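From first to last, the protein sequence lines are chains U and C. Each residue of the first sequence is one higher than the one before, starting from 3 at the first, in the numbering used here. Each residue of the second sequence is one higher than the one before, starting from 3 at the first, in the numbering used here.
For the record, the hints were derived by calculation from the structure and aren't laboratory data. Misleading hints may appear alongside valid ones.
Identical chains blur together in the list; that is why a pair holds if it fits in one copy or across any two.
Straight-line Cα separation of at most 30 Å, DSSO-like style, residue types lysine-lysine; simulated pairs [stated by the list, open to error]: (1) K256 / K104; (2) K433 / K86; (3) K433 / K104; (4) K302 / K104; (5) K290 / K104; (6) K445 / K86; (7) K475 / K104; (8) K462 / K394; (9) K475 / K7; (10) K86 / K224; (11) K413 / K86; (12) K413 / K462; (13) K475 / K224; (14) K433 / K422; (15) K462 / K317; (16) K347 / K463; (17) K162 / K317.
Predicted, not measured: the structure shown is a model, and the values here were computed from it.
Protein chains: 2
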Amino acid sequence: MFILKNIGIDSSHENTIYIREDSPISHSEGFKVLTRVSVHFNGRHIIATLNTVESDLLGEGEAGLSEYAMQRLQVHEGDIITIKHLQPLASLGYVRAKIYGKELGEEAFQAIIRDVVDGLYSNIELAAFVTACADDLNLNEIIYLTKAMIATGQRIHWSKDIVLDKHCVGGVPGNRTTPIVVSIVAAAGLIIPKTSSKAITSPAGTADMLETITTVDLSLEKMEEVVERENGCLAWGGAVRLSPADDLLIYIEKALDIDSEGQMVASVLSKKAAAGSTHVVIDIPYGKTAKVRSHEEALKLQYYFQAVGEAIGLKTDILLSDGSQPVGRGIGPALEALDVLRVLKNEPDAPADLRHNAVTIAGKLLETAGQCAPGEGAALADSYITSGQAYKKLVAICTAQGGFREPVTGKHTFAVTAGKDGTVQEIDNRKLARIAKLAGAPKSPGAGILFDAPLGRTVKKGDVLFTIYAETKGQLAYAREYADTVDHLIIIT
Amino acid sequence: MFILKNIGIDSSHENTIYIREDSPISHSEGFKVLTRVSVHFNGRHIIATLNTVESDLLGEGEAGLSEYAMQRLQVHEGDIITIKHLQPLASLGYVRAKIYGKELGEEAFQAIIRDVVDGLYSNIELAAFVTACADDLNLNEIIYLTKAMIATGQRIHWSKDIVLDKHCVGGVPGNRTTPIVVSIVAAAGLIIPKTSSKAITSPAGTADMLETITTVDLSLEKMEEVVERENGCLAWGGAVRLSPADDLLIYIEKALDIDSEGQMVASVLSKKAAAGSTHVVIDIPYGKTAKVRSHEEALKLQYYFQAVGEAIGLKTDILLSDGSQPVGRGIGPALEALDVLRVLKNEPDAPADLRHNAVTIAGKLLETAGQCAPGEGAALADSYITSGQAYKKLVAICTAQGGFREPVTGKHTFAVTAGKDGTVQEIDNRKLARIAKLAGAPKSPGAGILFDAPLGRTVKKGDVLFTIYAETKGQLAYAREYADTVDHLIIIT
Chain U
3 MFILKNIGID
13 SSHENTIYIR
23 EDSPISHSEG
33 FKVLTRVSVH
43 FNGRHIIATL
53 NTVESDLLGE
63 GEAGLSEYAM
73 QRLQVHEGDI
83 ITIKHLQPLA
93 SLGYVRAKIY
103 GKELGEEAFQ
113 AIIRDVVDGL
123 YSNIELAAFV
133 TACADDLNLN
143 EIIYLTKAMI
153 ATGQRIHWSK
163 DIVLDKHCVG
173 GVPGNRTTPI
183 VVSIVAAAGL
193 IIPKTSSKAI
203 TSPAGTADML
213 ETITTVDLSL
223 EKMEEVVERE
233 NGCLAWGGAV
243 RLSPADDLLI
253 YIEKALDIDS
263 EGQMVASVLS
273 KKAAAGSTHV
283 VIDIPYGKTA
293 KVRSHEEALK
303 LQYYFQAVGE
313 AIGLKTDILL
323 SDGSQPVGRG
333 IGPALEALDV
343 LRVLKNEPDA
353 PADLRHNAVT
363 IAGKLLETAG
373 QCAPGEGAAL
383 ADSYITSGQA
393 YKKLVAICTA
403 QGGFREPVTG
413 KHTFAVTAGK
423 DGTVQEIDNR
433 KLARIAKLAG
443 APKSPGAGIL
453 FDAPLGRTVK
463 KGDVLFTIYA
473 ETKGQLAYAR
483 EYADTVDHLI
493 IIT
Chain C
3 MFILKNIGID
13 SSHENTIYIR
23 EDSPISHSEG
33 FKVLTRVSVH
43 FNGRHIIATL
53 NTVESDLLGE
63 GEAGLSEYAM
73 QRLQVHEGDI
83 ITIKHLQPLA
93 SLGYVRAKIY
103 GKELGEEAFQ
113 AIIRDVVDGL
123 YSNIELAAFV
133 TACADDLNLN
143 EIIYLTKAMI
153 ATGQRIHWSK
163 DIVLDKHCVG
173 GVPGNRTTPI
183 VVSIVAAAGL
193 IIPKTSSKAI
203 TSPAGTADML
213 ETITTVDLSL
223 EKMEEVVERE
233 NGCLAWGGAV
243 RLSPADDLLI
253 YIEKALDIDS
263 EGQMVASVLS
273 KKAAAGSTHV
283 VIDIPYGKTA
293 KVRSHEEALK
303 LQYYFQAVGE
313 AIGLKTDILL
323 SDGSQPVGRG
333 IGPALEALDV
343 LRVLKNEPDA
353 PADLRHNAVT
363 IAGKLLETAG
373 QCAPGEGAAL
383 ADSYITSGQA
393 YKKLVAICTA
403 QGGFREPVTG
413 KHTFAVTAGK
423 DGTVQEIDNR
433 KLARIAKLAG
443 APKSPGAGIL
453 FDAPLGRTVK
463 KGDVLFTIYA
473 ETKGQLAYAR
483 EYADTVDHLI
493 IIT
C-alpha cells in the first residue's frame, strides 16, 4: 500500500508508476524497474510501468503516478493505492503469433483490441503490434480488426434511414474538402455527422485545421445536439472516442511515421460505422508523391474499402482522384482553413481545385442520397456555394459547436524563390509536407506553407514559389535549413 | 540552456529529459511531451524523450535527466545543458522499409545499428525494428546484421591461433553446460574466453547462474587478465559490451517475450567474433517444448549458423541434441549452479545427463583443437572431471574473477506432488520455465524449481514431482497459483 503523491509528471499515453528505490515492497515482492505492474484503487485497476526514484521526490510509503495514469485510475493525491504483480496478458500471445507472420482470427483481434483499450499494453507492446500488422493483414484480418475497433468504442444511433459521411485518404497537402462538403450536404437538408482525425504523418489533419476556426473536441451528447440543430457537425473523432483503440494505434504510427493500409481501412471504417453512418464516399487521390502512389495501389485500397464496408453493413462509394500536386494554396492548419473560407465565401482568388474536389465529393453524396439524378450532383453541390447557403451553414455549425473564429497564421515568414526561369514541371508533395512539419505544423496551428507554384506555372528567377510560416524563429530556421538543402522539391525546366 | 538537477528517476534503458511544463523554451521552440530532442553538454549529445513536469520537482531554468541519460551524457547536477530539435534520423527510413517487408542491404544495417548503439532510438522505434526483423531476415540480412553488430562493439585480439568457444541455443531448462565445458577445456590448456548472456525469455541465462557463484561483470581488461592466468573465463557479455547493439535489442525481445532466429544467430556469432574466437561449437537441443521444436527447425538453424560463421571467418561446428526434458535437477540461477557444482565435484547424486551433455561439447572442442582423434574427445573431457582437475579450474577461474562462493537457494518452498500413480510420459518445458519465472527467476537468483520427475520415472500419488523455490512469499504464492491451475504440465499415465 502506498499513499499517492501528485508528482506532476506528464509522460503522455503511457501509464507510469514511481516508487522509491529503497521501498521495502520493491524488495519483498521483487519489483524491478520497467516491470509492468497492476495498480489498484477502489475496485479499479490499471497496468503501469514501474520507475524507481532515488531522490527525495517521494517520501517513505509514497508512490507517484504519471498524469495519464492518474486520470485512467481516477485517483488524487492522498489516495491509498496498491501494487500487484501482473498476470501474464493472454492477448500478447496473439501479438507474438502475428510477429511470426501467422494469420489471426476474429477472437484474437477482439482480445488484443480490448486489452489495448483497457490500457494494458506498454508502448513497446503497442509498437510490436502496429509493426507486425503494418504489411501483413489480409482482408479477413482487416475485417476482424475493424469489428474489434467498433466493438470497443461508443456507437451512435440516429433515427434516420440515410446518414452520410465522407473520407479522404489524404497524402495530398491542402486537400481540405471536409468543411465544404459537410456545409453543402447539411445545407441540402441531409444528415452528415462528420468526425475527423488529427494528423498522423501529415502537416495537418482535418481536425487540426478545424480547430483554428471552432471547437472540435465535442462530447457525444454535444455532437448529437449540433447535428440535431444543423444536420451536420465537424467534430474531432478522438474526443468522442468512437474508436478509442484507433487513437492509441495512431499515436504509435505517428511516432514511427508509418500509416499502413490495413490499419487505415479499419481505422476509417470503424469510425464511420461507430458514428452511425449508412452511406460513405471515400476519396482516394493518387499520384507519384501522394500517399497512394499509383493507380494500382488505389484500386487495391478501393477493393479493401468496399469489401470491409460490405462486411460491416456500410454502403461505400469510391472516388479515385488526381493527387499529383497540392490542392489550394495553404498547407498547415490555419493556412488550409483560409483556403476553405475563401471557397465558401465565393472569393475571386479562392482555389478552384479545392472547390472542384469538394463539389465532386458532395455531389456524389447528394446522388447517393437520391437528391438528384446520377451525374447532376456536382452542379447541384456547387449551387449551394454560389448561393452562400454553404458558408452560412459552416458558420452555423461552428457556432453550434462553441463559436466561429478567423484562423491566425504564424508571424514568422520566409519566402522561397525560383532559382531560374522556367515552367514548374514536378512537385514533391512529401518534401513540401516535411517543410511544413519542420515549421511546426500541425502542433503549431499557424505554421505551414503558402504555395504559389502549381504544375505548369511559368516562373522567373526570384519569383516566390512558396512562403514558409512559423510561430517561432527556431522552427522557421529549422524549416528553412531543410528547404535550402533538399533536392528535387520543385522541378523547374 | 538549463541547469541540470539530479531528480534520481530510473527509467532503465530509455533516455528521458524532464522540463517544466511552463518553461519558456517549451513554448518558444515548440517542444511538446514525447518529442524526441537532442540534449547537449560539452560537445557530446544524446537523444532523449521529453516529459514535462507541473509540480515543483524542478525550479525555473532547471531540467532533469533519467539516470541512464545522465550516464550516457556524462553529466552531473549543476551542469549547463542545452536542448535542440532533433534532425530526422535517416536510418529510420530503413526501419520503415523493413516494416513493409523490403530486403535491407549492408549499409542499412550498419546505419541502423550505429544509431541504436548511439542511443538515438526510442523504445517504440527499437520495438518496431525488432518486430520487423523477427520473421523476415534472409541469410544475407543476417550476415549484414552480424557484421554491423561486430563493427559497433569492442573486439578482442588474442595472440593464439586457436581460440575456442561454445554456445547452446537453449530453451531446455537447467542445461547449464558452460561452466563445466570451460573448466574442462581450460584445464586441458586451451584458450576459451567465454562470455555468456543473461536470460532473454528463460528462467536463467548462464550469466545469471554464474552470478550466484562469482563476479561476472568483468571489464575487457579484467577478462584478458583472467584468461591470461587461467586459459578461460566465465564473463557476462553485456559488461564487456562486445556487442552493445545486441544488449539493447535483447532488452526489447525480453519485453516482448520473443527470441527470433535471425537476431539470435547474429547475436551469438557477433559476440563470438568480437571475443576473438576462431573455433566455436554450437549445441542445438530440439524437442517438442524446447526452444527449437523440430529436427527440421534445428537443421535450418544449423544452416544459418554455418553460413554466417563462414561469412565472418569463424569455424562453426554444430551439435544437434535431445531437448525433450529438463537437464539436471535445478531450474533457476542458484539451483542450476548447484547441479553444476555436483557434476564437477563428482558427487554420487550429480545429474548424469548434464555431465553427458557437457563432456560431449567439451569433447568436440578438444577434437577441433587437435587434442585427440575424432570420436575420442568425450572420454578425454570426462577424465578431467574424474581427476578433479576441472573442479579445481572452475574455482581458480572464479577466484581470478573476484572470488568463489556457494549459491544460495530461496528460503520459501512448496512441493508439487503427483495426483495419481503412473509413469511420467511428457513434460512441458515451457510451462516449467514459466513457473520458475513466476517464482522470481532470474531476477531473484534463489528462485526456481528443483525437478524430480524425469521422463519414464514411476511415481506414486503424493510423490514430489518438483519443488518451487522463491525468495519472497508473494512470488511463491504467484508461482503456486499458476502450477495449481495449468494443464498438461507433467503427464502421468
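Hint by hint, here is what the structure shows:
1. K256 / K104: Both: 25 Å inside a copy, 20 Å across copies.
2. K433 / K86: between (48 Å within a copy, 22 Å between copies)
3. K433 / K104: Cα proximity of K433 and K104: across copies only (22 Å, versus 36 Å in one copy).
4. K302 / K104: both (22 Å within a copy, 19 Å between copies)
5. K290 / K104: between (32 Å within a copy, 19 Å between copies)
6. K445 / K86: Answer is between: at 17 Å across copies they meet the 30 Å cutoff, but 38 Å inside does not.
7. K475 / K104: neither (49 Å within a copy, 39 Å between copies)
8. K462 / K394: neither (40 Å within a copy, 86 Å between copies)
9. K475 / K7: between (38 Å within a copy, 28 Å between copies)
10. K86 / K224: neither (39 Å within a copy, 41 Å between copies)
11. K413 / K86: between (52 Å within a copy, 21 Å between copies)
12. K413 / K462: Close inside one copy (27 Å), not across copies (84 Å); limit 30 Å.
13. K475 / K224: This pair counts as neither: shortest intra-copy Cα distance 38 Å, inter-copy 52 Å.
14. K433 / K422: Within one copy only: 20 Å inside a chain, 71 Å across chains, cut-off 30 Å.
15. K462 / K317: Close neither inside one copy (49 Å) nor across copies (66 Å); limit 30 Å.
16. K347 / K463: The answer is neither: 34 Å in one copy and 87 Å across copies each exceed 30 Å.
17. K162 / K317: Only inside one copy: K162 and K317 sit 15 Å apart there, 74 Å across copies, limit 30 Å.
Consistency with the previously given hints fails for numbers 7, 8, 10, 13, 15, 16, ordered from lowest to highest.
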